[in-house]
Structure formats: C-alpha cells, structure tokens
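Novice: These protein sequence lines map, in sequence, to chains A and G.
Terminal number for the first sequence in UniProt numbering: 199, no gaps in between.
Terminal number for the second sequence in UniProt numbering: 199, no gaps in between.
Do not take every clue at face value.
[Claimed, not checked] A few chain G residues that don't get close to chain A, going by computed Cβ distances all over 12 Å:
hint: 1; residue: T81
hint: 2; residue: N136
hint: 3; residue: V166
hint: 4; residue: N185
[To be verified] List time: in silico DSSO-like cross-link candidates among lysine-lysine, alpha-carbon distance up to 27 Å:
hint: 5; chain 1: G; residue 1: K49; chain 2: A; residue 2: K49
hint: 6; chain 1: A; residue 1: K24; chain 2: A; residue 2: K102
hint: 7; chain 1: A; residue 1: K24; chain 2: G; residue 2: K24
hint: 8; chain 1: A; residue 1: K49; chain 2: G; residue 2: K198
hint: 9; chain 1: A; residue 1: K24; chain 2: A; residue 2: K49
hint: 10; chain 1: A; residue 1: K24; chain 2: G; residue 2: K198
Hints listed in this document are in silico derivations from the structure and should not be mistaken for laboratory results.
Even glycine gets a Cβ: it sits at the ideal position worked out from N, Cα and C.
Number of protein chains: 2
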Amino acid sequence: MSKHAGAVSQLVEQLGRLPGIGRKSAERLAFHILRVPEPEAIALADAIKRVRNDVRYCAICFNLSENESCAICNDPNRDATRLCIVEQPRDLMSLEQSGVFKGHYHVLLGRIAPLDGIGPDQLTVDALVDRVRTSNFAEVIMATNPTVEGDGTSLYISNLLSEFPVEITRLARGITAGSVLEYANREMIADALTGRQKL
Amino acid sequence: MSKHAGAVSQLVEQLGRLPGIGRKSAERLAFHILRVPEPEAIALADAIKRVRNDVRYCAICFNLSENESCAICNDPNRDATRLCIVEQPRDLMSLEQSGVFKGHYHVLLGRIAPLDGIGPDQLTVDALVDRVRTSNFAEVIMATNPTVEGDGTSLYISNLLSEFPVEITRLARGITAGSVLEYANREMIADALTGRQKL
Chain A
1 MSKHAGAVSQ LVEQLGRLPG IGRKSAERLA FHILRVPEPE AIALADAIKR VRNDVRYCAI
61 CFNLSENESC AICNDPNRDA TRLCIVEQPR DLMSLEQSGV FKGHYHVLLG RIAPLDGIGP
121 DQLTVDALVD RVRTSNFAEV IMATNPTVEG DGTSLYISNL LSEFPVEITR LARGITAGSV
181 LEYANREMIA DALTGRQKL
Chain G
1 MSKHAGAVSQ LVEQLGRLPG IGRKSAERLA FHILRVPEPE AIALADAIKR VRNDVRYCAI
61 CFNLSENESC AICNDPNRDA TRLCIVEQPR DLMSLEQSGV FKGHYHVLLG RIAPLDGIGP
121 DQLTVDALVD RVRTSNFAEV IMATNPTVEG DGTSLYISNL LSEFPVEITR LARGITAGSV
181 LEYANREMIA DALTGRQKL
C-alpha cells in the first residue's frame, strides 16, 4: 500500500517491471520523470508507443525495421557476398557498432533450445536456407552467442547449409582485448590456446 | 548513426536520458519494450503521461497528489501534533515505508544551497511557517538529508520556528543497523559516540 498519488504508484510499478530496474530504481526514475520538462516526459511515452506501432521485422533478414525491408537489406553499398547470422536484433546492433562487418545479416529471432521447447521451426531457419539457396553468398559467418545453445544452433545451421557452395565461419574466440590473463576463466584460456595465431 | 529502425533509435535515446541508464541499458530496455505483450508497453507509456497530467503538489504539505490536498493530509487517523520536514517527496516516501511515523509531513521541495543560488524563497518555507503558526503541532522533526546543505537547511528552519511553542528534533544519527564497525566512516562513528544511548 502506498500513500503517494496513485499515478505515481502506477508509474513506479510499470517501471519496476523493466529488466534490471528494482523498486528503488523505479522510484528514482518516476521522480525523474515528474521533474523533467514536460516535453521530455511526453517524448519518452511517445517513443514507447511509436516503437510498438511502427516497428516490425524485416521481411528479408528479420532485423527490426519500420518498412517492409530494413535499411541494411536495402543498402546497395553492403557486401552482398557475406552473410552474418545472429540470434537477436540486439546482437546485430552490437556487430554494427563495431563497424567491421559490411555484409548482410540474418536474424534467427532466438536459438535452438530443446529444454525450453524451442526448435528450428520457431526460428527463421527456413527463410535462411531459402535465402542462401537463392543468393550468391560466398561466406556465411555464424555469430550466435558463445553458449551451449548458441554453439548448438550454429552447428545445426552449418550442417543445413553444407549442401551449398558457401564457406561457413564463426567468430574468433580467445582472450578479450584489455583483459588480464590472471582473471581469464578456463574456457577463455582454452579457446585462446586452441585458436592461437601466428605473430 | 544507427542502422536500426528510427523508432528504436529514438526510444534508445529517450531511455538513455533517464538517470543511471547508460547506452547498453537503454538498448536492453528498448528491446524488452519491443518484446513484451503490447498492453504492457502501452501501460508504461500511459503511466508516464498520466503522471504528468494528473499529479501536482498538495496545497498543504507539497507532497505529490492527484487532488488539491494529499491522502496523508486528508487522513483523520494521522497524529496532528507531529510534523516531519523533508526535502523531497521521495524522502517522504522512504519515511512512510518504514511505517514508524504516523504524523504529518511538510515537503520543502529542495534544500537551501547558496552555491546553487537556492535560498529559502525558492522552497516552501513560508508555507511551513504559516502552517506551524496556525496549527497545533507539539513536535517538528527535521528530516532533511544528513549533508552540509541538509543540516544547514534544518538549522535555518529551526531558528525560524523557535518563536513557536514546538519542540524541534532531528533524526538520530549513528551506525546503521546491520552494518560492520570496521567499515563505518569517521563521521558515522563520531555521530554514534556523540549520540550514545543508555542500554
């Protein structure tokens, strides 16, 4: 039970449903929203509504898009011979921010997770196979997450794609730039040793 | 420059303006908002708008309220002889959550901060003095923050109120429940020693 205004309680409750936002943070955010200039608060509310109204999945790569197909799929300057496969749109965004990859993407919208009842049918795997069949990709880069399920998904897809004349690669694994060996875990060290490169 | 849908970018930008929400968190929240059932996303947007439309300051105590005066000021079961003075509505909320205080509040809407150009005139000090003059408070509890500015504000107000027949107290200071002496700082230890209580 709360003694402050019902509208504030409701906002605190709604904010508290966001991931990583606890009760105290939700209160702090609510008071921030009460204090900022009105247009800033309204802009946030409108951005939430707009994203739900206007955003859908790209019909080609399943990235988020406001049109039938997304800005990357429509960009004639991207390398049409390389396809990078990711689990989620946010993974695509991380890769884009690095600025290294100039090819196209395919978003699976998840990973194969038998324990959660998620098989290839719930993902965009069929569309991916069609795409590789009808396009001229020279290389398909598996960029699923380096987890048991992500690795399993990569393996499943690379088997499916083995009938096509494409090179299948995956992201390098090893120690991370700026890290300290002392604090690297066993898997990181093992990956770094297994994949060691000529100097 | 971002390659994903404009609506997503805008939402990430708006979320990133919230305090304590960095770029990565804003992205995670945006993707959460895209993924949850539509009514949940709309409920958050509506709660933001509603809080800005419906919430104002209580005409008596300056707590947040959806009516002319707030639920606490209108509650006949609260102790009308005790008044607790806080800086902000969120401080009032913290005190309410402890459930110990059953009296009334007065929210200053800030603290005296000469370096920021904030004097008593920008706070609700005049309304407070009027209130103490025309009411029958036996005790006024200063619950400003234990900072230089909060303490200064308390001192200023207690001087102002010294002409009225009220007892003026302040929140106890000392070590915190559940803390470890080893990690307490010098001020905490000093407060705890100065304010030591009979066992």
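Novice: Now tell me if each hint is right for this structure.
Specialist: Each hint, compared with the structure:
| no. | hint | in the structure |
| --- | --- | --- |
| 1 | T81 | holds (19 Å) |
| 2 | N136 | holds (22 Å) |
| 3 | V166 | holds (24 Å) |
| 4 | N185 | holds (22 Å) |
| 5 | K49/G <-> K49/A | holds (11 Å) |
| 6 | K24/A <-> K102/A | violated (42 Å) |
| 7 | K24/A <-> K24/G | holds (20 Å) |
| 8 | K49/A <-> K198/G | violated (59 Å) |
| 9 | K24/A <-> K49/A | holds (25 Å) |
| 10 | K24/A <-> K198/G | violated (34 Å) |
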